[in-house]
Amino acid sequence: GDSVTQTEGLVTLTEGLPVMLNCTYQTIYSNPFLFWYVQHLNESPRLLLKSFTDNKRTEHQGFHATLHKSSSSFHLQKSSAQLSDSALYYCALSDRVYYGNEKITFGAGTKLTIKP
Amino acid sequence: ETAVFQTPNYHVTQVGNEVSFNCKQTLGHDTMYWYKQDSKKLLKIMFSYNNKQLIVNETVPRRFSPQSSDKAHLNLRIKSVEPEDSAVYLCASSYRGGGSQNTLYFGAGTRLSVL
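As they're listed, the protein sequences go chains A and B. Quick note: to get my numbering, add 11 to the position in the first sequence (first position is 1). Quick note: to get my numbering, add 11 to the position in the second sequence (first position is 1).
Bear in mind the hints are in silico, worked out from the structure with no lab data behind them. Incorrect hints may have been included.
Stated by the list, open to error - Some residues of chain A that are not near chain B, with every Cβ distance over 10 Å (derived): (1) Thr-23; (2) Val-30; (3) Ser-41; (4) His-51.
Unchecked claim - If you want the footprint, here are the derived chain B segments under chain A, 3+ residues with CB under 8 Å: (5) 48-59; (6) 113-120.
Beta carbons: idealized from backbone N, C-alpha and C, even for Gly.
Make the full structure from the sequences, and use the hints.
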């Protein structure tokens, strides 16, 4: 079945430094959709950004990610971390081959903590 | 602004009791889900319901059962709770029609504690 791997469980950075959270996936389907969801403390997850186009950069709220089907990756990046970026980040994969039977698979999540 | 509403926010109960959680979405979506978020923050799909078609995750114990009256409502019943059911249950909705990319919109969650 599908799987999503987020190699870092915890990432701690100093404010102002670049952010990179890793995400790789496995699926047998050739047209997956990839998502990043963010969950702040005491809130529910919400969409940060998404993509289904190979090699196209997607940006939102200062974060960006590029889907690379050749390496099955969708890493999340930001040039300069802010204190408010501290949150739990999930990478997720959706296949859409079968309408009405779509599966969304989440990675284990990466907890990002930004220090002053 | 919250568009996926869950009740209750918290529920404390004892092993063996029955509990029910409610979820309503006002986004006009055609698909609703129940996810379980455990103490390690792992998010696991339990059920999805699309246009009256229930899709069951085969790893979900049979004591869990979803109930849906229409596209806007999806409830979750746990017949006889176990200690391992303690978790946050997140309801979500999405729209699959017209080339949607299936973005999930989550409710605030129901935190269940089983004593």
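We went through each hint and held it up to the structure:
| no. | hint | in the structure |
| --- | --- | --- |
| 1 | Thr-23 | 16 Å, holds |
| 2 | Val-30 | 19 Å, holds |
| 3 | Ser-41 | 16 Å, holds |
| 4 | His-51 | 12 Å, holds |
| 5 | 48-59 | holds (count 7) |
| 6 | 113-120 | holds (count 8) |
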